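Residue numbers (the working numbering), protein chains in the order written: chain B, 1 to 603; chain L, 1001 to 1344; chain X, 2001 to 2266.
Some hints here could point you the wrong way.
What the hints assert, rightly or not - When the alpha-carbon atoms are kept at most 27 Å apart in a straight line, the in silico DSS-like pairs for lysine-lysine are as follows: (1) LYS2251/X with LYS1225/L; (2) LYS41/B with LYS239/B; (3) LYS480/B with LYS1286/L; (4) LYS2249/X with LYS1286/L; (5) LYS41/B with LYS2251/X.
Hints are computed from structural coordinates only; laboratory data are not their basis. Model, not experiment: these values are computed from the prediction.
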Amino acid sequence: MSIETEAGNDVNGVDAKPLDADIVCVGFGPASAGFLTTLTKLLQAPSTDQPVESRAVPGMPPQILCYERADDIAFGVSGVVTRARAIKSTFPYLNTAEIPLSARVGSERLLYLLDPHGASRRPLWMRLADKVIKGLAREDYSYEAPYIPPFLHKQDGFIFSLGQFMQWSGQQVMFSGTAQVWPGTPVSDPLFENGKVAGVVLAADGTEIRAELTVVGDGPVGPVGRRLDEVYGMPLGHKRDEWAVGMKMVVDLPASCTLEEGTVFHTIGYPEPEIFGFFYVHPDRVASVGIFVPSWLDSPVRTGYRYLQHFITHPAIWRHLKGGRMRSWGAKSLLESGRRGEPRLCGDGYARIGEGSGSTNVLTGSGVDEAWLTGRLLAEGVHELWREGLPFTKANLEARYVRRRRTSWLEKESIIAERARNGFQRGILRGFLGMALAGFTSGALGYNRRRDKPARPLEEFYRGRLSAEQVRDIRAACEKDAQPLHDALMEAAGWPAIEFDGQLLVSHQDALLMGGKVQAAPDLPDHVVFRDPDLCAACTNRLCIEICSGEAIHAGENGAPVFDRDKCVHCGACIWNCTQEVAPGVSNVAFCAAPGGLHSAEN
Amino acid sequence: MDQRLMQGKHMEKILVLLHTEADGSLGRAARECLSLAASLGKYDLAISGADASAAANSAEGSAERILCIAADEFAVPRSSTDSAAAEMLIRTSGATLVLAPGTSRWSRALPMAAARLGGVIDTHAVGLEVVGDSIQVKRWFYRQRIEGTVARSGSPWIVVIEPGAFTATEATPRQATIETQSLELAVSPRTTVEGTISTAAGEQTIRPDAALLFVAGAGWTKKQKDGQVHFADAADRIQTFVHKSKCSLGSSKSLVDLSSEGEAVLPFLTHLHQVGQTGSTPRHRKGLATCCHGEEPHVVGWRFINERRAVNLDPNCGWARGKADVLYVADAFEVMKELNALLD
Amino acid sequence: MPYQIIVCGGIAPDPLQTLEPAMGPAGPALKNEMMLPAVFDPWAAHALYEAAHLARQFPGSSIRVVTLAPKAKLQQVMMTVAQKLPFELIPIDGPGGGFTDAVEVSKVLAQAISAIPGIDMSQFLLFGGWESATRGSGCVIPMVAARLGIEDCFLAVDELKIEDGALVIKERVEGGLLQVSRCSAPPAALAWATGSLPEPPNHPQTGMANMRAMMPALQRAKPAGLTGEGFSVPQATLPAQQRQTQVVKDKPAAEISRELLEWIKG
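Construct all of the structure, not just a fragment, from the sequences and the given hints.
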């Protein structure tokens, strides 16, 4: 067999011509997996009709490509406990034994965690309530809620490792031979032509992938989705301004741990009242444990990693983890604006699916299954359009995809959740109250959204706990040592230092290496660029440094941020934590498409 | 272990298979192999290469039988001639267990001989022991990250011994009057050996004879406190130290990757410097790591370094937990500058 | 003259993964082996890049990759490798870990190569990695060579140049030296060390074209049928090496350097 004929490409050189496909998907997350799985199944289902033919390459079956930024399809991050309604409808006979780290949800508990150190920022009412609860709480400073609100429960669902689930579904898509999923291939931009989206541009060498339909599933911080929002604008009243960093560890549980496979804890109250936590037990004595640090935690030094360490060392969690070992670690940004963050779901030549399409439900704390559903609904619409020989125009996609979405349970639940988190703008109490109101009244009651508050200065945030002089001295010392502020400030405010054990309590850098196995391709330019260095130099609120999930952004000369791509986990938190704007709505952090990042397949 | 091999069910017939060095002598690895064989009891000896029979006379004296192939064609390291010689020597000896040193020459030729003999082979053996009634060879898997033992029932079983894994005894001239049996083997090689050259990196390549291994990590190329990179300073510090201390220079994979892909980073580093991973696992007495974070695969390359120190800015890095003897939490740029000055 | 190059190469765990052996009834395996992300074996990858480099110089050359690995994992790995250069994949479905027998693996690979129609030994080059990152025996390529009747085998190759049809090869030998050999013509076997070529960039067209043939080949991949007969790994453990590390903080550079000097000279 000669290479020239089979591979269609001479070994003597490469050919940078545009590549024609029918459908190009950007990003391989749960939404794209749902899309490709469904489309593949529909294309392969026995039918008396003529088989669908490629419109891009006549005579061939449809050419369906998916480009994923990360170096492997299994390098995603999520703390997945899901009711899996959409996933189960795609795989009615899903056998968890086929997917490593997956289990059926067994027992489910909601724990309120008291603060054993007295260091968290609890309002007066909460401190008073804590005194009452303390009498009812267990010795491990936790109080188990007698019941879990129905909108939170995940009974009959699954615990997954997102990485392993993606690997499993990706392998099935690939072995169908119907679609190709290419990891390590970031997409830099949509390809615009005559006001339509005509495909995408690959970041590596600018190759154009021309396709009649571009399926944008690159998540909330993906460059293609963000570019579409810039060009087409958001629907009236829609905005993406509520976020969280989700950070997790996968832990080998110690022999002493007696928790059974399928155990789920949801936690509230600690390490800060605004931070929700989770603890899920996978098969074979492995657990996922993590937190969400939301944008409404208005600390100017919010940090994911330090809070994660305090979370896992809370007595109610540590009693299960002590002696365990970190297997994996990872972080990602979550778009928590819900339906209000929904962009234009389609246009001529493109459709949006998944988290970047505003599908995450902030009331139920659920996103993977919702993302899968958006992909499935789009696939059903696309298949219909193909069968009927109709083009992928805005009108046709509205009729076949968006309409499906509007009549689905996703939409119904999204509307209920729409105002669920607004209360947190007014404080913790009203935050929880708002969630309860939305949940129990099916969205009929809820707080309206307030206008955005500017980030508070450090001195104001720590008023009453640290003097302005203390803050100033800490700031100067950290600047001198090029260290972030959060460790020093938190310890000054009463948080105990973390004593590393080399197993589970390790330095942030060791978490990158031991857990995330973070890597960057050596020969690429920095993918995080500070657009206007003068703005960074003048900025006094360097939240980008504090929040950075990998310590990839650190203080350089005069404390201004410096980026080290070898440590970047591509969580994208720097985008939404940057407090400076170069233009209205455009932050000073440019986050470009790049491969690399986490190399763990367990998150 | 001693005589148990001979008492066990296996009753192995052992052959020590050696080759001569360019000067006709037996190398250190060959002598290590001989001392291992001597500890096992009786064995036959086979030598290939120039002056093979002279070398046989210098070998330790407990061999029961000596076979040689010594024609000129067998003087140079070459797969076709070496594997043919090994095949014939093993076949003639009737050995069931063949011990051979893991030189580059035998590493190339012995698997070929094993395949032609219908035999089996294990390489990089760092131990050989009798467990129950079977022999087990100890070796590493996954680039020195997992150690294991291998047992086999095939024969002949060629075990290639990792240099440095056993102690070489000084050769005592052979007293016995065992006749050396010279074998004739006709070969017509298609390969000519043109000689050896030093690598372009010259003295900076990992040299096994140096007392100290100095490993430069990727931290040398990172932005420093001032937000800038200082490639020239890094190169100067490293090269000056290597030159003045006569140490052997190693590097981490990430730094080597940076240096070899056309970037003006530290161009004097090549893949020959790489320690761990796909690089080497050197056996120097002392090792000094600078700007290396202590990630597991990197540490793998240090497994056989006896005394280890590290200079690194992160007090919580992997080196601090049981991998180095001393971790200096300091800026390697400053420390190496001072150290170079002291070496003047 | 064109060359028919066959590259033997397997898959290995992504290099930064934490590896741990787990004993099962059939001997050891890596804990969570199927969960670990995998890469094309690093030295075999270098062999592949060298093959591409050679093929570019001699038009009409062909590259085939013969791989023994679990096909689902192999498919994933190919999504990266297949973007780098055009080649034909000949997959054999079977265990890809380090605890398989090099001898048996060499038989399986040699059989698969022998079954390829149209091999012309006067153009044939067998390439592979010096040692795999899994088993690390350095035996497989020389054994495959011997089973295919190839007598000229080169190990730890860093350079190949073609001069008047002869293969001029540099191999790593002891003492940091390179041995230079001249082989008059193919067939020859070259087990590559690092070589000197960088990893080629990904090229989506190449990947897509490769995959059109690779996916059916993967779907059809035959099981290797390894029996493990006559071979066992009774023990596999992590080495226990824990040192009492003295962490020295807040010491001036000058003092550290004096201490280091004493240690170096001591």
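| task | Compare the structure with the hints numbered earlier in the document and write down the numbers of the violated ones, lowest to highest. | result | Those not satisfied are hints 2, 3 and 5.
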